[in-house]
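Number of protein chains: 4
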Amino acid sequence: MDKALAAKQLEAVLKQASAYTGKGSVASYIPELAKEDPGQLGVSICLPDGTLLSAGDADVRFTLQSISKIFSLIIALCQNGQKQVFERVGKEPTGDPFNSIIKLETIKPHKPLNPMINAGAIAVAGMIQGKNIEERLNSIVDMLRKMTGNPSICVNEAVYCSEKRTADRNRALAWFLKDSGILTTDVEETLDLYFQHCAIEVTAKDVARMGMVLAADGINPQTGERYVPEEVARICKTFMVTCGMYNASGEFAIDVGIPAKSGVAGGIMATVPHKMGIGVFGPTLDDKGNSVAGVELLRLLSQEWKLGIF
Amino acid sequence: MDKALAAKQLEAVLKQASAYTGKGSVASYIPELAKEDPGQLGVSICLPDGTLLSAGDADVRFTLQSISKIFSLIIALCQNGQKQVFERVGKEPTGDPFNSIIKLETIKPHKPLNPMINAGAIAVAGMIQGKNIEERLNSIVDMLRKMTGNPSICVNEAVYCSEKRTADRNRALAWFLKDSGILTTDVEETLDLYFQHCAIEVTAKDVARMGMVLAADGINPQTGERYVPEEVARICKTFMVTCGMYNASGEFAIDVGIPAKSGVAGGIMATVPHKMGIGVFGPTLDDKGNSVAGVELLRLLSQEWKLGIF
Amino acid sequence: MDKALAAKQLEAVLKQASAYTGKGSVASYIPELAKEDPGQLGVSICLPDGTLLSAGDADVRFTLQSISKIFSLIIALCQNGQKQVFERVGKEPTGDPFNSIIKLETIKPHKPLNPMINAGAIAVAGMIQGKNIEERLNSIVDMLRKMTGNPSICVNEAVYCSEKRTADRNRALAWFLKDSGILTTDVEETLDLYFQHCAIEVTAKDVARMGMVLAADGINPQTGERYVPEEVARICKTFMVTCGMYNASGEFAIDVGIPAKSGVAGGIMATVPHKMGIGVFGPTLDDKGNSVAGVELLRLLSQEWKLGIF
Amino acid sequence: MDKALAAKQLEAVLKQASAYTGKGSVASYIPELAKEDPGQLGVSICLPDGTLLSAGDADVRFTLQSISKIFSLIIALCQNGQKQVFERVGKEPTGDPFNSIIKLETIKPHKPLNPMINAGAIAVAGMIQGKNIEERLNSIVDMLRKMTGNPSICVNEAVYCSEKRTADRNRALAWFLKDSGILTTDVEETLDLYFQHCAIEVTAKDVARMGMVLAADGINPQTGERYVPEEVARICKTFMVTCGMYNASGEFAIDVGIPAKSGVAGGIMATVPHKMGIGVFGPTLDDKGNSVAGVELLRLLSQEWKLGIF
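The listed protein sequences derive, respectively, from chains A, B, C and D. Following our numbering, the numbering of the first sequence begins with 1 at its first residue and continues without gaps. Following our numbering, the numbering of the second sequence begins with 1001 at its first residue and continues without gaps. Following our numbering, the numbering of the third sequence begins with 2001 at its first residue and continues without gaps. Following our numbering, the numbering of the fourth sequence begins with 3001 at its first residue and continues without gaps.
Do not take every clue at face value.
[What the hints assert, rightly or not] Partial chain D-side listing against chain C, Cβ under 7 Å, derived: (1) Lys3035; (2) Val3085; (3) Glu3087; (4) Ile3102; (5) Arg3169; (6) Ala3172; (7) Trp3175; (8) Phe3176.
[To be verified] Residues of chain D placed beyond 10 Å of chain C at every Cβ, according to the derived structure: (9) Arg3061; (10) Phe3086; (11) Leu3104; (12) Glu3105; (13) Thr3106; (14) Gly3149; (15) Asp3168; (16) Ala3174; (17) His3274; (18) Trp3305.
The set of hints was computed from the structure by calculation and includes no laboratory data. C-beta: ideal position from N, C-alpha, C; glycine also.
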């Protein structure tokens, strides 16, 4: 890969995708997110040798939101093993919106269909062990600091508090899970952990580095240090394909073809196996909850560089 | 009506219906209710002149459970008026189980279809005014004491606590309503009121007297004292026909034809316009949540005395 | 009842309700119905002595549409008995639109919840016996001719053909029923019978007379001639309350309180037990499929004459 | 790849997976399929150089059933282009059983979520062009003959007729699509085409060759002859990952990780990009409709040879 050329292409793609920032709107249901400047768009690419290529608002901080579901799943899998985790959360895409409660009632047993929808991620949060919320949260934050080499990664308290105040639908999901026996920990504490890991603040550069670790099957390809077991990294990448982009995952798989996970703050973490991690930030969302310009940017990039895995 | 004959017939019908006590099972999801002796069956009839005809376990105390939804609705309608109440809860039967959450998501606007399902009754509880839970609860208890002339009616604390501990599905419903803006009061406080009014303890005799008040369009037919506005009594009786027996209401309307409301403790309050109130208690339930023997008893009685309104 | 006064009041109520004709729109999914003049409104009342009081467009002919579901149910019950009929169709209101297919899949066993929704009425049509479609249809038409004393009642061929050409959703329902074993007769033949009985043409006066027969428990109150068994008439009136006005039945029961069945051609048949039958015709419909002005007219009339049964 | 070793490993894996043939049951809803010997299991692997490695019942003929949905989609995409096809059928996994009708009503617009569920495949069949059914069917059969080099591939008339007689649920789906305007061709003709392409008869060897063509991005890797446009092959492989194994696709993606499509006759076509096509046949199915032993065989093979794409 000619890095100078790649940097230029990245700038061009960013420019082209910028036209899409006006097509969606910033998340309104979390007041703190609603303040975001809709015109922003940033991308960063992390290569196996650690090189970062970036364009646009790659240093703007945003919260992981649903991207964090990948990392809470990693911790839960490491602490409990596949067998226990998948007894309480399934592996199937749903075709429903991320906050839907219907299938919790219609599907028997009442377990969330996958860990990428809110209900599933709340169930996963309930499986993260630690002697208190702080310790449980730190298991996620510490891993992210290591993966990114950025020790300043932490929770955005304002977003966390905003989320906590307005998350009544998530409370409904959590109590339903409690009633079904899927969630066995304290509901408000578990939600607290969930809201906090959603509010972890990063930049597109951080996200690119996280994506690179998954692309390298769980290691830092420069140092060989392992952060995520290979098997767990594989599971995460699979979920990113089948359920990573909410109920537009199928479309994204066909149109872009890269394992990716989005969040309603406008971030997307994409992972091109053995080649690169990609972090994108563009806060205007489509009706499914994905960054409009971010998806377009990844589509263009995938086309330009033939990144699709299919 | 020949009262001596009626008393005899009542005994015969009770005996016949007793065979059905073994066909269902006592409510298991509230531990305190699960302790109930399944063989019990009692009935009491209150005539316009105040006469009570009773048979079987008519003095056994049980909790109102869903029967109380009628009385919380009465208070909410009296305090807020029809317009405000029906902005937050509909008037339609659902075809779904009483604790279903699906239609809260699928129906737009997200308001509960009627006040007889749990979601609707929780919304109603949120509309009962008072400076604290105690005052709000008392508005219901006081009315019931007046209607029955029984000043000792009160909440069964053991059942209330049992219910409160195991009501996570109701919490899910309440938080969903909170998220939709249907519930604007504090969730746990509102649930507390809901659990307490469900746990009000009565006998079949008390319930017969309550049913007689509704049968007399809201007054005590002996004294002429009014407890419920005529219009509100009419609305309640209509709901008892269309939604009073959970998702077996349509069947009950055809097979029995009397406005009635059941509860999962095994009680049924029935109302034969201008003729009588009926209280039934039989704790074994069918799969919809209605007293098996109680429904059979009312069917036989309706047939024997031609009580159906259709 | 002072008939002269009643006639005047009827005129006044019709005038007042006429204001609502502009609030809905005529059924568009059956092309032939879409041609209807939206400004029309007519009402006719049949008293036990046979007197007809009418106002407005009481002589305009329109097709029964869903009102016919009452009469196909009568024939099916007479020919097969309750036990057999209710093995294939339930007795519960649904909370869903009349042409919904969802509950056919979600409810076990897969039988339609009631005979007033399309799926249920198609199942009922499959239970009407006869050596061919003509004979099966005639069992309905003959009964209507007798009930109304109008030997010219027959199918409107243009509407029937229009309906047949555009009824693909009904075909979907019928094949689903076939697959579930609920429908055992030929699908297209059964639909043909269903479309034809929906397209039976009447006036508000005819409908008033039909309603009077049900109000008189199945007989012509002047001659004592029985057209419908008492038990069957009772079942029909019950269904009219719980499911007669599509998924606005609960609201209608509270706001109007009279057993009634509507059709998408704008007709409503109402039945005030022992007092009167009412036929209404107003072709503009609300979003549930009920005549807007017709419902308002019945509401005013019920209020004026205290006709509610609750 | 050491072919002798591979052949041995294949035998071992087949033997191990054979233990699972007893765990499911053969499809019962198509009578002709119910006759199948449940103990069968066969596998064939086609390498880029055309080598076939086979074990077990690799020469037993079975019908493609849902595997054919991949090939009808190919023809429809080639004839109409992506834009037109995806206006009528979506790209999202559903989380529902393959013959579910619910989302056709709940999702707006009413288009099937993807072309791998029955509703979607029927919509696709409606887009295959030709002057009659025979010509339309031949476009599929001809392609399969070329891809496999087997000119004798044709429809199994007994299975086709059996399917046609018992496919009322599919008729319901088709009429729903007709009503929604998704299907614009004649319903019975379209279903006829659908039933026929489902009843195309093949062996595991044929299927392995088909899978190899998709693995080679649409060409015969030996001759370079192109049968499927690269872009279309990519789309198919993506659908195989997200929706190929009914509502167990997510689980299969994690546990096996190979693009695959199953059918209720017990066949599975799997595609390992650039490496191999795999055909499996094992007629006992799990409750989702996938070959129990076939899935196990692929899981073992994927593990042994590290075939997963994630």
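Broken hints, numbered, in rising order?
-> 1, 2, 3, 11, 12, 13, 15, 16
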